[in-house]
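**Q** Which chain is which? The protein sequence lines are A and B, in order.
The numbering used here puts the first residue of the first sequence at 1, with every later residue one more than the last.
The numbering used here puts the first residue of the second sequence at 202, with every later residue one more than the last.
In silico lysine to any residue, SDA-like type, Cα no more than 20 angstroms apart, as pairs:
{"hint": "1", "chain 1": "A", "residue 1": "Lys-93", "chain 2": "B", "residue 2": "Gly-254"}
{"hint": "2", "chain 1": "A", "residue 1": "Lys-129", "chain 2": "B", "residue 2": "Asp-244"}
{"hint": "3", "chain 1": "B", "residue 1": "Lys-294", "chain 2": "A", "residue 2": "Arg-133"}
{"hint": "4", "chain 1": "B", "residue 1": "Lys-362", "chain 2": "B", "residue 2": "Thr-268"}
Derived by calculation from the structure, the hints in this document are not laboratory data.
What follows is the residue order along each chain.
Protein chains: 2
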Amino acid sequence: MLGHLRISHYHWTFSREIFKERREMNSHGENMLSADNQQERLDPNWITGFVDGEGCFYVGINQHNRTKQWQLLPEFRIVQHQRDEQVLHRIQKFFGFGAVTVNHGDRKEFRVRGLENLNKIVEFFNQNKFQTRSKQKSFEVFSCIIKMMNNKEHLSEAGRKKIANLIATVNKKVIPKYLISSETVRQNLARDKIQSDPLSD
Amino acid sequence: MLGHLRISHYHWTFSREIFKERREMNSHGENMLSADNQQERLDPNWITGFVDGEGCFYVGINQHNRTKQWQLLPEFRIVQHQRDEQVLHRIQKFFGFGAVTVNHGDRKEFRVRGLENLNKIVEFFNQNKFQTRSKQKSFEVFSCIIKMMNNKEHLSEAGRKKIANLIATVNKKVIPKYLISSETVRQNLARDKIQSDPLSD
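Please model the complete structure; the sequences and the hints are all you need to start from.
**A** Written out as structure tokens, the structure reads:
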């Protein structure tokens, strides 16, 4: 039937973009209940559902400018347009840690850093399981890395390489710069050793 | 501190893109629990959280090819990459209606059409409130239109115009073609009437 409806059409989606001018909208007197007053504590299942769609488990590997040491920076975050910043503050209140800050432009994020709080995040999502396969998988890789960091494995080069390999295993499209770099460093050290050996006593 | 970590960095995000090759991933023998077995009934709060992030209330206004009649097509949908199609089937099972179908390309959607089922969707989200302002607002506009359709207001031009105006009120960036078109039709009819009157008996 719909195949016949072709000459002209107008599709309208109730997107998140449509509420930029809330005061104007409300002035039309539609039967609009305010979500502002829904300030009761969030339900753990709601949190998991929301994070299943909007959450992100992230690991940065940064090299220090001066010391050239590699540093692991795991992070949990939820990014929203600033119009929904309020819900990020409620999530922050729910967990009792983390921060709401600018992501970029008009986007805000709730983010959790630091092993102590990330362990609580891991514990929470172990108790409140994700329902999408992809989020559950990414969470399991993330929690595996957190576990390794708890065991201080990331402080050794072997541990960092293991973590970088774990990253490389699941993210096949990106060549881990850490692995490339650490290999280059090793080759350079070996080369330097060969070159410097004849000059040593 | 992080400001000093500038020379080289590698950021890795556990995105939904990373699980394209699941069999390869699993062959590495990581401690990956499968989400496949989590087939228990979904929690209503999880549904609301997931829809708060991923759901969409949508209204199409299509003009029939032959009759030129305008038709309203309200729809509720959740779009996911096909890797997470399984969760859409579980949501379909939860509600007991709707269909899982192709959205476009590698994306699938759970969609609900038809007043009878959309009334059940409205009832569900009236009982299980959204927590983001934007989703709650879009839901309220959508349920207002569904209510008008229940009252058969959409069958009259006045009702359709009222609904189109409601759409125009919240979506200021798009000029509703229905409103333009219905005004043009009216003007053409008036013009035709003036032109045809002298020829009539």
